Amino acid sequence: MAERLSQLLGHSVDSKNLPLRHVRFASDLQSCQFSIGGRRYRCQLADYTIAVDDAADDDVTGVRSLGRVRRSRNAGPETSIRFVNRRNQPVKLLWVNGNGNRVAYGEIPAGQTREQHTYAGHVWLVMSEAEEPLAVFEATEQFGNAVVDVESRLKIETATERRPWRSRRREQATQSPDGRWRAELRDGNVWLTSLADGQATQLSDDGRPDDSYVPPLYWSPDSRYVALMQVRRATPRQIHLIESSPSDQLQPRLHTLDYNKPGDPIDAPRPRLFDVETKQAVSVDERLFDTPWSCSDLRWWADGQRLTFLYNQRGHQVLRVISVDPPTGNAVPLIDEQSKTFIDYAGKLFVDYLEDSDEILWMSERDGWNHLYLFDAATGQMKHQITRGEWVVRRVERVDVARRCLWFYAGGVDPDQDPYYLHYCRVNFDGSGMCILTPGHGSHEVEESPDGRFLIDRYSRVDMPLVTELRSASDGALICVLERGDSSRLEATGWRAPTPFVAPGRDGSTPIFGVLFFPQSYDPAKKYPVIEQIYAGPQGSFVPKRFAPYYNEQALAELGFVVVQIDGMGTSQRSKAFHDVCWQNLGDSGFPDRIAWMQAAAKQHPELDLSRVGIFGGSAGGQSTVRALTAHPDFYHVGCADCGCHDNRMDKVWWNELWMGWPVGPHFAEQSNITNAHKLEGKLLLIVGELDRNVDPASTMQVVDALIKADKDFDLLVMPGAGHGAAGSAYGTRRQMDFFVRHLLHREPRWATP
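In the numbering used here, the protein residues as written are 1 to 754.
Certain hints may be false.
[As the list claims (entries may be wrong)] Mimicking DSSO-like on lysine-lysine, the simulated pairs with C-alpha atoms at most 27 Å apart in a straight line are:
#, residue 1, residue 2
1, K340, K652
2, K679, K652
3, K348, K652
4, K576, K383
5, K526, K683
6, K712, K683
7, K576, K340
8, K603, K652
9, K683, K709
10, K261, K383
11, K652, K576
12, K261, K709
13, K527, K683
14, K383, K340
15, K652, K261
16, K576, K348
17, K576, K526
It should be emphasised that the hints constitute simulated quantities derived from the structure, not laboratory data.
The model shown is predicted, which means the values in this text are computed figures rather than measured ones.
Required output: the full structure, derived from the provided sequences and hints.
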């Protein structure tokens, strides 16, 4: 191989240090692909013939093609995606960051390719010049090949549109299984047509523009019944954004968009059922689903005796699989999940309908931890709790119905490791045979061999480079170490890895995990101000767990700070009790845990100067930043708040009702930064993009109004044309750095200019 590469590249290649990246073997093991210097090659393993692999451009490999835009996950290991533009026009490339903000990465000309550095878990959006969404890809740990061609076109769904019962088509017809009937929608009502003589019968007459029947239509296996959804439409709230400085005209431009907020009326879907023999509607008892946030997963079971659907009650304290008896319309709950706080349907919902065995796989936190259960789909009786213990199932990867086992990622399954580290596991449906397949100390991501016999296990920690191992997929037995990363040359330059630190939280016992970023010029004899980068959104956990040679926080640390990142109570991926701290309590933001953690860190690292503490964050992190200076000004002294959802009544309905509940109660106002603006102490910089479509920018401006009325000093940066996450721009980043240098280091920043 080294000899062949030397001939190809024109210079000597060391056989012990082959410059191969993103190696992938063909399924027949006769060849492999790899990258060198941004080009893809194929090597025939019989004789090690190597050639440029132009065919590699034709397939989408090594990336996940997504059906909708979503924010990037926590960054995994470094990787690359080769974007291939097969269209006859340029396409735009945008990174969707962790806050959902779209960051432009330029254009790819027609017929051209680009290899883009990224991280596993990062999401990339490809758009046309007319800003039509074409494709969304998520990076994996493998080298990715992402192809966009003339067929590429994506339906972008917003959070409020993400309902399984919606359809792109206004009308849809479907033929019965026995071939005798066609059911269809006409002007919002249901019609039945005999395929024998063409005679049509109107089955419903109550469909109206504001309460219409919607596709798809579902036939029972015996062709006796047809089911679908009827949706009562609510008039959406609209918000108005002013683009002050359009690039194509002098005068400002008004943008209006639908944007429901907590407490607003929302669409109400309900299942409807029609009897083909009688040509009549079957009245379905609605008492079990009378306040829907959503009704989805409408399906017939093979025996035709049950119609089931998934009901998520508004307020998110009830989640049910409901079974309807077709002849009577009687509805009963098969699975009835209830919580006194919230059910995290957005992050911890997994349901798999096993029709062959008449069972349902279900995810639940009912025992205080996120686990998997097996239910009888006919009776609703729980057959097994599949997983159990003081650890959590993070996501299910694969279900093997024939072997009655499944594979999943778990957190905290090894009590001697960080509970946020991901481990790959397998277990049988009856709970037996539980096996941790990736025992190494770190956070894991696996790739299965095509025949399912082996795993490539890649794992790392923030302070340990990537280790790649080959393991047995049956029991996790180590076959060999494929590669062990070495950061010694990086460390020789003065580079420092983030420092993990654990300390008890507010209760004196629950471990709180975080990291510290020290400057490369760190001197333990000096004192360093501390800056917390905060994001306390309950939808996840946010402290980095995997190795990377660079994190954005390091740039701020190099100015003479110690930057910290902490996951306090109220964030996800721990116990239900840990998560529940956020319930109707987003203003808490885990501050008692964060403060205790920093105080403990300062005892171990006395060079941390807690008399000078800063904080910054965007979106929910912007909300928390202002909260820090109003509720905890004795500890936090300087803050930069970007695009904050400063009053949860002003933000998008789905995110805020999930954590703050419904209907809107007095706790919304009690925790509002607008209500509490008069308590502000310290130095505050507010940043907002005038075209933020994620968080209504009026939320920031209402804080501004309240601060002015309270006669408080503060700084404000409004960025024309910018969207969500404006502080992440080069200018916004520089302004934040300046602010911290001025008010924590107490000197004027000096910036070299070309």
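Comparing the hints with the structure gives:
With a CA separation close to 23 Å, the supplied pair K340 and K652 stays within the 27 Å bound. Taking the CA atoms of K679 and K652, the gap is near 26 Å; set against the 27 Å cutoff, the hint holds. Straight-line distance between C-alpha atoms of K348 and K652 comes to about 20 Å, which keeps the hinted pair within the 27 Å bound. Distance check on the hinted pair: K576 and K383 sit about 23 Å apart at the alpha-carbon level, within 27 Å; holds.
Taking the CA atoms of K526 and K683, the gap is about 24 Å. The hint holds against a cut of 27 Å. Note on K712 and K683: the hinted pairing holds, with a Cα-Cα distance of about 10 Å set against a maximum of 27 Å. Among the hinted pairs, K576 with K340 is consistent with the structure: their alpha-carbon atoms are about 11 Å apart, no more than 27 Å. Of the supplied pair hints, the one linking K603 and K652 is violated, its CA atoms being roughly 41 Å apart against a limit of 27 Å.
A C-alpha spacing of about 17 Å is found between K683 and K709, which places the hinted pair at or below 27 Å, so the restraint holds. Using a Cα cut-off of 27 Å, the hinted pair K261 and K383 is violated, with the two alpha carbons roughly 40 Å apart. With a C-alpha separation of about 24 Å, the suggested pairing of K652 with K576 holds against the 27 Å cut-off. With a C-alpha separation of about 25 Å, the suggested pair K261 and K709 falls inside the 27 Å cut-off, and the hint holds.
Only pairs whose Cα atoms come within 27 Å are accepted, and K527 paired with K683 is accepted, the gap being roughly 21 Å. Among the hinted pairs, K383 with K340 is consistent with the structure: their alpha-carbon atoms are about 24 Å apart, no more than 27 Å. With a CA separation close to 5 Å, the supplied pair K652 and K261 stays within the 27 Å bound. A hinted pair counts as satisfied when its Cα atoms are at most 27 Å apart, and K576 with K348 qualifies at roughly 11 Å.
A C-alpha spacing of about 41 Å is found between K576 and K526, which places the hinted pair above 27 Å, so the restraint is violated.
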